[in-house]
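With chain A held as given, fit chain B onto it using these hints.
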Amino acid sequence: MQRTKIKVLIIRAGGTNRDFDVYACLKGLGVSARIKRINDTELRSDLLSYHALIFPGGFAYGDYVRAGAILGKKVMSTLWDEILKFRKERRPILGICNGFQVLVEASLLPGTLGKNGVPEAALASNSSGRFECRWVTLKKKQASKCIFTKQLKEIARFPVAHGEGRFIMSDARALEKLEENGQIALVYSAPDGTPANGRYPLNPNGSSLDIAGICDPSGTIFGLMPHPENAFFGYQLPDWSFNRKFPLYGDGYGIFESMIEYIETEVLR
Amino acid sequence: MSALQALDRENRCIEIVNTTLERAHSLCEKLQIGLAKHELAQVREYFQKLRREPTEIEIQTIAQTWSEHCFHKIFKSRIKIGKQKTINGIFRTFIARATEEIAADWVVSAFSDNAGIIKFDSSHWLAAKVETHNHPSAVEPFGGAATGVGGVIRDILGVWARPIANTDVLGFGPPDFPQHQLPPWTKHPTYLMKGVVAGIGNYGNNMGIPTVNGSVYFHDSYVGYALVFCGCIGLLQPRNYSARARPGDLLVVAGARTGRDGLRGVNFASTPLSKETDSLRSAVQIPDPIVEERLMRAILAVAERNLASAITDVGGGGLSSAVCETARRYSCGAEVDLDRIPLREESIIEPWEIWLSESQERMVLVVPKAKVSEAISTFQHEEIDAKVFGKLTESGEIVFNFDGDEIGRLSIDFLFSPPLPTLEVRSRSHSSITTRRKDSKLFATNDGLEADFLCLLASPNISSRESIVRTFDHEVGGRTVLKPFQYPNSGPNDAAVLKPVLSSYKGLAISCGLNPALGEIDPYAMAASSIDEAIRNNVCVGGRRIALLDNFAWGDPLKGENLLDLVEAAQACYDVAKGFSTPFISGKDSMYNVTPLGEITPTLVITAIGIVPNIRKCLSADFKTYGDSIYLVGRTRSELAGSEYARMKHKQQQQQQLWVGEVPRLDVKFAKSLYNTMNKLTDQGFVKACHDISQGGLAVALAEMCFANCLGVDITLPVLRDESNDRILEPFELLFSESNSRFLIEVSAGEESKFESMMGKLPFVKLGSIAGKKIVIRNSLGETIIGLDTVDCYNAWRKELMTVSAS
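Residue numbers (this note's numbering), protein chains in the order written: chain A, 1 to 269; chain B, 1 to 807.
Everything labelled a hint here was simulated from the structure, so no lab data went into it. It is possible that part of the hints are untrue.
Calculated cross-link-like contacts (lysine to any residue; reagent style SDA-like; alpha-carbon spacing at most 20 Å) [what the hints assert, rightly or not]:
| id | chain 1 | residue 1 | chain 2 | residue 2 |
| --- | --- | --- | --- | --- |
| 1 | B | Lys-617 | A | Asn-243 |
| 2 | A | Lys-245 | B | Asn-709 |
| 3 | B | Lys-506 | A | Pro-247 |
| 4 | B | Lys-799 | A | Asn-243 |
| 5 | B | Lys-194 | A | Lys-245 |
| 6 | B | Lys-194 | A | Glu-164 |
| 7 | B | Lys-773 | B | Ser-748 |
| 8 | A | Lys-36 | B | Leu-300 |
Pulled out of the complex, with its shape left as it was, chain B reads as follows:
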């Protein structure tokens, strides 16, 4: 029996009840309906009770709602680890619980809206959201990345906020990956990078939203794949925030017309990529930022006039997800007339395709009857289509109509109760941990440190991001106070600072953190380090009262130890967020990031949003004045596992093991008290620069601080003891270890004693001072171990990731 025969054309029914489960399942597979067998069994049961077969639109709606992408089953399911331990949902147990227990009174909305919302000042709130758009970007990098940006901007509009900044964290395979090692259907990292960068620039620049923060990370496990984390920050006035939809209110679709693009994108995004990847291009949506720009203006005008009772983005899952989730949120039912949706082309498009299409630049608004004509004319003023296509009801059901005929009806309760079987995994065996943390003999020596240092500066994960970031407009809007690069020579800054309200000098700091190299070694340390990095980047510029956003990108969660890794990373999220009192306000997980070459390393991207009480006090990372003192703040240990230095050494020596030594640990209690002190210090005039120590360790951080003004330094490495093993650290460890919670700071000459007394018992050591035009690093005996012109270091670091094409 062919799929088409089974699909009863007259009644648009799909025969799953009156057949065996096996057959029903293979029929669904043929029709590309992404339901697992146990899920299909529950659907059969539901329709058996109704004594009928489901219609096409019904089963498609169920498949969409139950997709991993929309329902986040992995994060919601009970997980049984071994015989003893049961986790009642990763999200509830770790992420949401941290936020609940911290109970910050400045969190307005966490996890319930399109975006997280926090208070800014007495008359403004901030909204923040970070989305993943990995699957589409891996297939069609320009469109995938651009629609990722477009989608997250609409999430911000979905809480009635004006988008004021974008962030983008990108991940690719190494740019020098040999072409001949790629399977034929796989795209080269450089091709993917160029497409993704162009897509992000195109959308953000066209919308007039500055891209102010982000990161680009290269990892072997990303070959053939692209990780795209698109974030957006918005500003809103509480009086414009409206979430009070009621039965009887009308459903309005506004924005671009609906076409067949992005069909079943959510199911596509919930499965591993395969050889057939290129045939899935139609699952990637088509971007049009100019429509979204007008849509944005119209929505802000609707917000200003309070014309709607609710709003939501039309993203993954299309209208289906937007309407059903709205109905559920307001405990309503809904009735929709799908023939009223404006279509892009007159070509044949099935009702279910209209319902599931992920065409971009669309929003669904809920508008009280009395205000609907004013709302629609507000859209028309911006030349945006807006049309009533249904209403909220009291029924608790979603009813589908087309040309006056009812073509389906589903219970909202049923729709949002997919089966969530308990996931069972064996606890980690001792042997697996030891293989993972294999400690090979120390390969490093203190010879050739100068060459190692230059090589690190030029390595893809450390070198200048200018050739990418300068293609993103970071000035539009006029709010960017601290920019991605520091003038004049474009040294890096740790976080962007924005001044969102024209009449106030209060600012916000946006930063991020990630440490994917640690993911495959120790997921707990990876997550903890990522959070610490995001927070300390924020602290560098003067940020405090920090809110976090989490974005997980994982391989197939049901394979190997991936689920255990996920649990450990989530446990770290809870421990660290709770310890710092930094609540999660929004997040997104992306599963099944699998390429023909394997799975990606467990990756957690953390975005941190902090408050800067007075932008006049915020700090850039550049060394400023000759004669000033340079201090190292925090505890340095021999923690080279997963470090850029270790990875470089392995590559040079062509070793198989990817790590050596210890992973960076995090003492949250210590870090919290250090960061509080840092906040007090940066408010003092005598701290003039502050930079976080992360990839490449102290040596790289030091060089980066020299670049903006092309200054030199003369420092002497201190004699430091690694408390954990009571061993004196070697110079290469001091230079390149990536221990967490550390900073390099510049203190005004003559103010050292003031600084030291404010530090109290916290660990700090004076390294030397700003001097000359060379980077001079001496060992504790005073012998020069690195002595290079700043300019030479700078030129090594500026090796372009994306080459200029002409002149």
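Chain A extracted, bound-state conformation:
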């Protein structure tokens, strides 16, 4: 199967700004990618011609109200039926940073209660009270059903760049449920993989259970705060200059490669 036949749609709104970064990764993997605006008239009718959907990082609609809130509601009001079909057919949906916030606001994540339309979690302001741009270490949760982390290394390094990334839920029970369901895909950790246990800056935002990324109960919808697209090429790594050479790819490669292999084996079967 030729990879160019795999079609990935990147959805943006005013204020989305990492769409090109994601586009560059997908091009690097040889698949066809398109960037479209949420307000493009043909978006709704075209949506189901794509194999995967990505909501990239940025500040959609300025993150006014709450991060991701306006675009999240826009997705629900304009694309909802198509999105539900997308989910039902187990086609992958990825939200990175602001995209994660959008998926939470659109109630697609964590989706534990299965109630459409009501956000079950929030990405609150960082506990440091400020925007944080830094490289973090992430530990992959083995028990996770997430299809996006299959090819990811056990311990991976991505940068974060956000002001609102503290994952919280209403109570401890909800978080436990998340864990039981295998929905916690990535957690912040120390460089050796031991838990961050909320320690700043290992856990850069104060997230509950050090959560960096979660998937829905089926594993095909995934949202994460760190940026795999900025850890995709070897030259983007923060310490390549220490080794005086860089590998072709960084750890972010694993996320996109997992998605594509999943599409090849499951969606295009």
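Okay, now just chain B, sitting in the frame of chain A:
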């Protein structure tokens, strides 16, 4: 007679011809029209010939165009110094002449566009611009800083380039300045810093443009004030660059709607701040990065399709400046219908206010008639308002219409010929030089060097900038190859390296240099050192073929010796840029940086843009491997005047004099040959780290190299002779002197002889090697004078400038 009576409401005329010059001038003052008396005389003459009074919009347009902010009168005027010397304009004599004489074939456009343009590779150019936004940031730090970033991004869009990186150099009063010493209407440095940092982060992060380089500098003279230098670098394809407007082409305004914010900001920016500062908040514009983000996409699409014949940013001076300067550049006239400008609110807004408003996120495009509908629909696709509001004409006049009536008409030639009287200053008297360079008895000793060292590491101008810089996204765009901090422990790097083109490993290095503490001692040395620092920072990471941008921030140029200082600094710009063959491609001067507490120290910020032929070879500043050798490269002299060490000592001893000893000199010829050799060395595998020696001298540079990987060093200070006075340097001088053109480098163990032979006759000395977990510095007798755990030094250095608010 009140101002309102004089303003003829029917004809919107202002009576200046049919009255005395005195009265006309006081009327202008009442109406806040910023024209000096001799300028007003020339306006009167012009309208006398026309046998009429000027209309409101005419006189406002003239005042805007002739403001210092827009016309840069100080940089253009003839200056007579004493009886002998005459300078035919600072800009022409020093800045532009350096660029002309260097005549680099890779400079595409210098000083003529919204931004300077240089070649990158066969199919790409780079654009660069650095703006100052000091006045607005001092009044309203968040809005002032954010609109500064927004404005410089539009300058890059104004040459059809995609913005790929931001730089920010900030200046504030000391963060520990006692609150009770501030006059009541003055804002505390920490308040200003928090606002400015938030504003910069907000705009850059929202736009998705990484902030990759900059500096934060604290100086007593900045108390009550904020210096904000916002820079932006862009990438463009030559085929998208369009500058060929012709009469008949239509004028299109695109972007945000026009409101009353930022009215007369240029006149505001050309006068000293005063007690009434807070009432000037309306002169500060309101930022909306999300509109600019869409505007950026639309403009890049217009560029890609070649739909326009020219473009310019709407910044200081509003539409007035944008349209008049476009008409002048293309030797055209223009006709504008101001009622067609989309307004933000329906509230009463006068035509001249529409014309002069500095509302943000707007651009003016010149579009050939045949392409106008496609251009407008390109904007609409991004949900951006775009509207035709006039056209270029052959007349040589700017004609203003409102609701079908002509409300004014001015000759473009007249508009761009303000009177530039020769500025006369007395040459510097001998006594003033000696007071300035007072050489008090040496206060320093070699006792307590360890404590001095720790104190320096924690001082505001040297300590870690992490708490500020990490609030700026430096990763977005995925092009950042060498980051502001080195992983894992966030040691500092000297310059940012970007990989702008996806399919190529060619990179660009962005660095900056400034040395404001020297400004009040010796402006020539200040400027020369700033340029050298910017260039050597660039050389550290492997940058070469360097272009420079200059940003002057000065006090009242007509007071005291400020103008002489300016001339000397500009002379240094010429000498040093010429010597290095590093042309200036863009610049901006900001005058009247005066606060209720006095004038700022003469400040020059230099931004350097270099090329890195292969990013795989670029160097980070962190020490890497145990056993490797550490070399000091360059000449060290006893040059402590204006140094961080001297300032710290003065503060500790509460001395009045702010300097002692010699200022750092610069031997450009020597530095150039050293930097060429450094370029060759960094391309070799055996040089593994390189760091510039600047604030805090050798000791601080050494510590900074240890931090990223938490390594230790064991070095012995060499016996070095200061050639200028043939004296053996004391340990404190070796450790803390801030002599220019020096580096610390790490050379692979076993490769020392290769390194030494490549250095040839250039001065270098081996200091020691990377070892253990302690920073050990010995004197030439082998006695330990500093022996501290790297971790302890690191903790001192990481003292936060902006504290974390929670947990």
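Verification of the hints:
1. B/Lys-617 - A/Asn-243: holds (11 Å)
2. A/Lys-245 - B/Asn-709: holds (17 Å)
3. B/Lys-506 - A/Pro-247: Roughly 17 Å separates the two Cα atoms, so the pair holds.
4. B/Lys-799 - A/Asn-243: violated (29 Å)
5. B/Lys-194 - A/Lys-245: violated (38 Å)
6. B/Lys-194 - A/Glu-164: Given pair B/Lys-194, A/Glu-164 holds - Cα atoms ~19 Å apart, limit 20 Å.
7. B/Lys-773 - B/Ser-748: holds (19 Å)
8. A/Lys-36 - B/Leu-300: holds (16 Å)
Comparing the model with each numbered hint stated earlier shows that hints 4 and 5 do not hold.
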